[in-house]
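Here the protein sequences come in this chain order: A and B.
Note that the numbering used here gives residue 13 to position 13 of the first sequence, counting from 1, and the numbers run on in steps of one.
Note that the numbering used here gives residue 45 to position 45 of the second sequence, counting from 1, and the numbers run on in steps of one.
Keep in mind that the hints were calculated from the coordinates and are not lab data.
Please note that a few of the clues may not be correct.
Subject to a maximum C-alpha distance of 30 Å in a straight line, what follows is the list of computed DSS-like cross-link-like pairs (lysine-lysine) [to be verified]:
| # | chain 1 | residue 1 | chain 2 | residue 2 |
| --- | --- | --- | --- | --- |
| 1 | B | LYS259 | A | LYS170 |
| 2 | B | LYS236 | B | LYS353 |
| 3 | B | LYS353 | B | LYS259 |
| 4 | B | LYS253 | B | LYS236 |
| 5 | B | LYS253 | B | LYS116 |
| 6 | B | LYS84 | A | LYS27 |
| 7 | B | LYS116 | A | LYS27 |
| 8 | B | LYS259 | B | LYS236 |
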Amino acid sequence: MATTTDNAPAPPVTGKRPGSTGRAGDKVFLGLSRGSGILLLVIMASIAVFLTYRASLALSRNEGNFLTTFDWNPAGDPPVFGIAVLLFGTVVSSIIAMVIAVPVAVGIALFISHYAPRRLAAPLAYVVDLLAAVPSIIYGIWGALFLVPYLEGLNLWLDDFLGWTYVFEKTQVGVARSLFTVGVLLAIMILPVVTSVSREVFRQVPRMNEEAALALGATRWEVIRLSVLPFGRSGVISASMLGLGRALGETMAVATVLSPSFVISLHLLNPGGGTFAQNIAAKFDEANELGRDALIASGLVLFVLTLLVNGAARLIIARRKEYSGANA
Amino acid sequence: MTSHTLRATRPAPPAPGGRPGLNQRRLPRWAPAATAAVSVALGIGIGLAAGLESRVQWGLIAALLFLAISYGVTSAVENRRQAKDRLATSVVWVCFLLAVVPLLSLIWVTLSRGVKVLDGYFLTHSMAGVPGFETGGGVYHALIGTLEQVGLATLVSAPIGLLTAVYLVEYGRGALARAVTFFVDVMTGIPSIVAGLFILSIMLIAGLQPSGLMGALALAILMVPVVVRSTEEMLKLVPNELREAALALGVPKWRVILKVVIPTAIGGITTGVMLAVARIAGETAPILLLVFGSQLINSNPFDGAQSSLPFYIWEQYRVGSEASYDRAWAAALVLIAFVMILNLVARGIARWKAPKTGR
Numbered sequence: 001m002a003t004t005t006d007n008a009p010a011p012p013v014t015g016k017r018p019g020s021t022g023r024a025g026d027k028v029f030l031g032l033s034r035g036s037g038i039l040l041l042v043i044m045a046s047i048a049v050f051l052t053y054r055a056s057l058a059l060s061r062n063e064g065n066f067l068t069t070f071d072w073n074p075a076g077d078p079p080v081f082g083i084a085v086l087l088f089g090t091v092v093s094s095i096i097a098m099v100i101a102v103p104v105a106v107g108i109a110l111f112i113s114h115y116a117p118r119r120l121a122a123p124l125a126y127v128v129d130l131l132a133a134v135p136s137i138i139y140g141i142w143g144a145l146f147l148v149p150y151l152e153g154l155n156l157w158l159d160d161f162l163g164w165t166y167v168f169e170k171t172q173v174g175v176a177r178s179l180f181t182v183g184v185l186l187a188i189m190i191l192p193v194v195t196s197v198s199r200e201v202f203r204q205v206p207r208m209n210e211e212a213a214l215a216l217g218a219t220r221w222e223v224i225r226l227s228v229l230p231f232g233r234s235g236v237i238s239a240s241m242l243g244l245g246r247a248l249g250e251t252m253a254v255a256t257v258l259s260p261s262f263v264i265s266l267h268l269l270n271p272g273g274g275t276f277a278q279n280i281a282a283k284f285d286e287a288n289e290l291g292r293d294a295l296i297a298s299g300l301v302l303f304v305l306t307l308l309v310n311g312a313a314r315l316i317i318a319r320r321k322e323y324s325g326a327n328a
Numbered sequence: 001m002t003s004h005t006l007r008a009t010r011p012a013p014p015a016p017g018g019r020p021g022l023n024q025r026r027l028p029r030w031a032p033a034a035t036a037a038v039s040v041a042l043g044i045g046i047g048l049a050a051g052l053e054s055r056v057q058w059g060l061i062a063a064l065l066f067l068a069i070s071y072g073v074t075s076a077v078e079n080r081r082q083a084k085d086r087l088a089t090s091v092v093w094v095c096f097l098l099a100v101v102p103l104l105s106l107i108w109v110t111l112s113r114g115v116k117v118l119d120g121y122f123l124t125h126s127m128a129g130v131p132g133f134e135t136g137g138g139v140y141h142a143l144i145g146t147l148e149q150v151g152l153a154t155l156v157s158a159p160i161g162l163l164t165a166v167y168l169v170e171y172g173r174g175a176l177a178r179a180v181t182f183f184v185d186v187m188t189g190i191p192s193i194v195a196g197l198f199i200l201s202i203m204l205i206a207g208l209q210p211s212g213l214m215g216a217l218a219l220a221i222l223m224v225p226v227v228v229r230s231t232e233e234m235l236k237l238v239p240n241e242l243r244e245a246a247l248a249l250g251v252p253k254w255r256v257i258l259k260v261v262i263p264t265a266i267g268g269i270t271t272g273v274m275l276a277v278a279r280i281a282g283e284t285a286p287i288l289l290l291v292f293g294s295q296l297i298n299s300n301p302f303d304g305a306q307s308s309l310p311f312y313i314w315e316q317y318r319v320g321s322e323a324s325y326d327r328a329w330a331a332a333l334v335l336i337a338f339v340m341i342l343n344l345v346a347r348g349i350a351r352w353k354a355p356k357t358g359r
């Protein structure tokens, strides 16, 4: 604390100096801190503006329909590109990820908050937080070199027993570099995020509610169903939407695992398809200027998509905060 | 013995149609373990008998069997409500185990395959003149690139993040503060590739060339919201009495913040910044778009293409030979170690320097 800086404390002999310098310093400091807050808003706005500008350059030269074209060939003559396949792949792989990850994550969160032995719970929570920090490229190479071969058996199995559902019918032979595999990998990647947010919510359940349920003779599951889950519902929803935001924008893990192709197929086990982020990473190297602008246009769609999902998640959280604050 | 008596005296729920209270039949304590053993054995047996190759399937079969057996046995011996309770317990355990398996396998695979070529040579040499499909070469240029890009990103984003957090906690009232809070939250969710595309569009407009700095700017965009969020939490933990005491002594507000509030919270702030660094150190997508990658050592982040650890992993993966996979795993191990050490140190600092809450 005794360190001195440029604005060292005035020596006590000089009496009343702080009055004037203090005000000036206050103004500067307020200006700086408010300025950086405004800078953040400016950055957000300029992301939207710059992306829109470059995207509009590309769209004005696009000869196909941006929304419905099943092709990505901005270098061709005439240039044709469309996001239909990418939108489909992004949404489908994220939905698969959510369907797998959310129930499991809620299970893990409940395990840590209510089932695990007391001594295990804290280290487990810690490990889950650490896993959230594993870089996505590492999930990517693990998925491509390790998970894909392991999922081949599962894919055949799904095809054998659930092939009649159409969705799980595997019509092409090939390794399991499919949207389904991507969904499984994304599920594994967003598990830690969804788990740690849900866990925080479950931990905030008023102890009284649980004890009241126990006192009425409820089993542990009934306690959870009657007091923990209703309290945590909005928290779980927003946690899953945060996870969804992650899954939508994930680049490297998808780019390493998927073998891309520009087709839309509901046969989820067939290799092929694509996502926004994966397409950008894969096509960027060979793209000319128009190609880059076209990729920026697809990135803009992704940006809007994640903005909507995250904004909705935050609004749910904010509403819940007010609610629980009133009860605290 | 004692635990058994405890169980027996626990008030049993009035079961509809079951016999009343204390005399209710209960499964012995070893029942879940026995069920698990039986179902694992059956799972392996079925797997072998049906000739299923994948261990994943064996695990799934065993898990399903476990659920079914424990539900059946419990509802036969105890009652439906207890059976449901057991089922829920088992489902939660199975969830946990199912999730732990891939995550542990990720760590294990990275460790076991990474140590193959990871040595002093690997850490101190670049890929200059090494064909991708041959053994040799190293990660030095990527290490330099990562350190410089992450360092630059931290230099840019830490002051902005810190000041914004100070604004939100110490000054923030009204619409501007609410807008900043909301957009910081939204910014947390920006995909890294979009941040990369944003800087790319600036580069295209201004005619700039790829360099480490461009990557660092994109990383800074990803880092700022994380720093703001964690710093804000830490500043909120500083007890108001400290501020009021300093203000009552006639200290101007900006000096209260600089000399009292921030020093009190500095441990937590450092932690937040380090966690943010750990998060961006593994980002590949912006580097792919903005730094372009290089086989050579380029220690000047302001000019020319560089590499970075995550980019190096991606590059080696794409070469697709056994030697390059080995290098990719070794680099992955280096990256994971870097991120984990940052995390552990950061959390250590948080615990060590936690602000006293004034009670």
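Next on the checklist: LYS84 (chain B) and LYS27 (chain A) were given as a pair; does the straight-line alpha-carbon distance stay at or below 30 Å?
Outcome noted: violated (64 Å)
Checklist entry - Taken at face value, is the distance from the CA of LYS353 (chain B) to the CA of LYS236 (chain B) at most 30 Å? => result The hint holds at about 15 Å.
Checklist entry - Straight-line Cα separation of LYS259 (chain B) and LYS170 (chain A) no greater than 30 Å? => result Violated - the C-alpha atoms of LYS170 (chain A) and LYS259 (chain B) are around 66 Å apart, more than 30 Å.
Item to check | Pair hint LYS116 (chain B) and LYS27 (chain A), alpha-carbon separation not exceeding 30 Å | outcome: violated (58 Å)
Checklist entry - Is the straight-line distance between the alpha-carbon of LYS259 (chain B) and that of LYS236 (chain B) 30 Å or less? => result holds (16 Å)
Item to check | Hinted pair LYS253 (chain B) and LYS116 (chain B), Cα distance within 30 Å | outcome: It is violated: about 57 Å lies between the C-alpha atoms, which goes past 30 Å.
Next on the checklist: For a C-alpha distance cap of 30 Å, please report whether LYS253 (chain B) and LYS236 (chain B) respect it.
Outcome noted: Holds: LYS253 (chain B) and LYS236 (chain B) sit about 16 Å apart, inside 30 Å.
Checklist entry - Is the hinted pair LYS353 (chain B) and LYS259 (chain B) satisfied, with a Cα-Cα distance of at most 30 Å? => result Judged against 30 Å, a Cα distance of about 16 Å means the pair holds.
Going down the numbered hints, you'll see the structure goes against 1, 5, 6 and 7, while the others check out.
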